[in-house]
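Novice: Using our numbering, you'd call the opening residue of the sequence shown number 1316 and step up by one each time.
Treat the hints with caution; some may be incorrect.
As the list claims (entries may be wrong) - With a straight-line cut-off of 16 Å between C-alpha atoms, the simulated EDC-like cross-links for lysine to aspartate or glutamate are:
#1 1366 to 1412
#2 1371 to 1439
#3 1392 to 1418
#4 1392 to 1350
#5 1580 to 1461
#6 1580 to 1495
#7 1553 to 1461
#8 1371 to 1400
#9 1494 to 1542
#10 1494 to 1566
#11 1553 to 1542
#12 1371 to 1457
#13 1513 to 1586
#14 1392 to 1355
#15 1513 to 1528
#16 1587 to 1528
#17 1502 to 1565
#18 1553 to 1586
#19 1529 to 1565
#20 1366 to 1343
#21 1476 to 1384
#22 1529 to 1481
#23 1392 to 1361
These are calculated hints, taken from the structure and not from any lab test.
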Amino acid sequence: MNTLWVTENAGCTSSSTNLNSAGMSRDEIISSSIEVPYGDLFRYNEKYVGKVVHMKGQVLQVSETGTDDFVVRLSTKDSGYGYYDDIVWVEFRNTKERILEDDMLDVYGEVVGIQKYTAVLGNEVSIPAVVVKVYSIVDTGEIAVDQLSSATSLSVSTMSKNWDSDADDDGIIIYPTIKDSNGNSIKWAGLELPVSVKIYTTNYNSNFQQYKDKLVYTGTGTLSSWEDGNMFSEGGIKVPYTQINAPSGEDYGWTYVTVTLPDGKQIEGVDKFTSLR
């Protein structure tokens, strides 16, 4: 995780602010909340001071400020590869429950201004600040179900890999990437999705069009997060060459992967340049 650790606070004196939402019930706070894009919350912050905004995000850092009081830096956007953006300064008051780094939070907070702090590298950072009125720790599986509801397609790539001490490749690793209707990869975690894999040799018809021919491997596996589809991570699905029954002379084939989503829908993708030996 890439974080900027807070070393000094400056600006935003929200600890002494009289909150507009004081005295409101939980339901009133939630019903009065608004959804605001991060860019607007930052650029036009004064416009939203005193209003309750709703946000979800991942905890990057927790800093105690008093008995049962603490501040969380909450990333509301995962940019992938360990980088987090759209960070909000979130103040908790009189909160007995312990919040941990990497927790996923659903927050309704009153906007109190812009918080400035000095990061460990000495640079001054400014981010929007809210005081929590209602919150919950969200199960990552629930978030994944919501994220994966937008899945429409599956991109598949394969790579030869050596996973023992000799110099020869031992098999392939399959990287299935779930995408939305815009072709963007969906970053999810907290669930296990069933996967079926079939690998074929190929042949050509009389019109010189390539088609899948002999089935040389069939198997199953699981995906536990979006990183299983990222060849730069340690994920992926291993298939040893010893389990691929390719005829002599057949060096490349097609790999079909089917993933079953939480709602039961299946999406399929194919890699058309799979090493068979």
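Novice: Taking the hints in turn, state whether each one holds.
Specialist: Each hint tested on the structure:
For the given pair, residue 1366 sits about 25 Å from residue 1412 by alpha-carbon distance, which is inconsistent with the 16 Å threshold. Taking the CA atoms of residue 1371 and residue 1439, the gap is about 25 Å. The hint is violated against a cut of 16 Å. Distance hint between residue 1392 and residue 1418 is fulfilled; the C-alpha atoms sit about 14 Å from each other, no more than 16 Å. Simply put, residue 1392 and residue 1350 have alpha-carbon atoms about 14 Å apart, close enough for the 16 Å limit, and the pair holds.
Taking the CA atoms of residue 1580 and residue 1461, the gap is near 14 Å; set against the 16 Å cutoff, the hint holds. Between residue 1580 and residue 1495 the alpha-carbon distance is near 14 Å, which keeps this suggested pair within the 16 Å criterion. This hinted pair does not check out: residue 1553 and residue 1461 have alpha carbons roughly 28 Å apart, beyond 16 Å. Under the criterion of a C-alpha separation no larger than 16 Å, the hint pairing residue 1371 with residue 1400 is consistent with the structure, at around 13 Å.
A C-alpha spacing of about 13 Å is found between residue 1494 and residue 1542, which places the hinted pair at or below 16 Å, so the restraint holds. For a cut-off of 16 Å, the pair hint linking residue 1494 to residue 1566 is broken: about 29 Å separates their Cα positions. At most 16 Å may separate the alpha-carbon atoms for a hinted pair to count; residue 1553 and residue 1542 meet this at roughly 14 Å. For the suggested pair residue 1371 and residue 1457, the alpha carbons sit about 12 Å apart, so the restraint of at most 16 Å is met.
For the suggested pair residue 1513 and residue 1586, the alpha carbons sit about 11 Å apart, so the restraint of at most 16 Å is met. As the CA atoms of residue 1392 and residue 1355 are separated by approximately 15 Å, the hinted pair is consistent with the 16 Å bound. For the given pair, residue 1513 sits about 12 Å from residue 1528 by alpha-carbon distance, which is consistent with the 16 Å threshold. Taking the CA atoms of residue 1587 and residue 1528, the gap is near 13 Å; set against the 16 Å cutoff, the hint holds.
At roughly 36 Å between alpha-carbon atoms, residue 1502 and residue 1565 are farther apart than 16 Å, so this suggested pair is violated. Restraint check for residue 1553 and residue 1586: satisfied, since their Cα atoms lie roughly 15 Å apart, inside the 16 Å limit. Restraint check for residue 1529 and residue 1565: the C-alpha separation of about 10 Å stays at or below 16 Å, so the hint holds. Straight-line distance between C-alpha atoms of residue 1366 and residue 1343 comes to about 12 Å, which keeps the hinted pair within the 16 Å bound.
Proximity of residue 1476 to residue 1384 is assessed by CA-CA distance (about 50 Å); at most 16 Å being required, the pair is judged violated. Among the hinted pairs, residue 1529 with residue 1481 is inconsistent with the structure: their alpha-carbon atoms are about 30 Å apart, more than 16 Å. With a C-alpha separation of about 22 Å, the suggested pair residue 1392 and residue 1361 falls outside the 16 Å cut-off, and the hint is violated.
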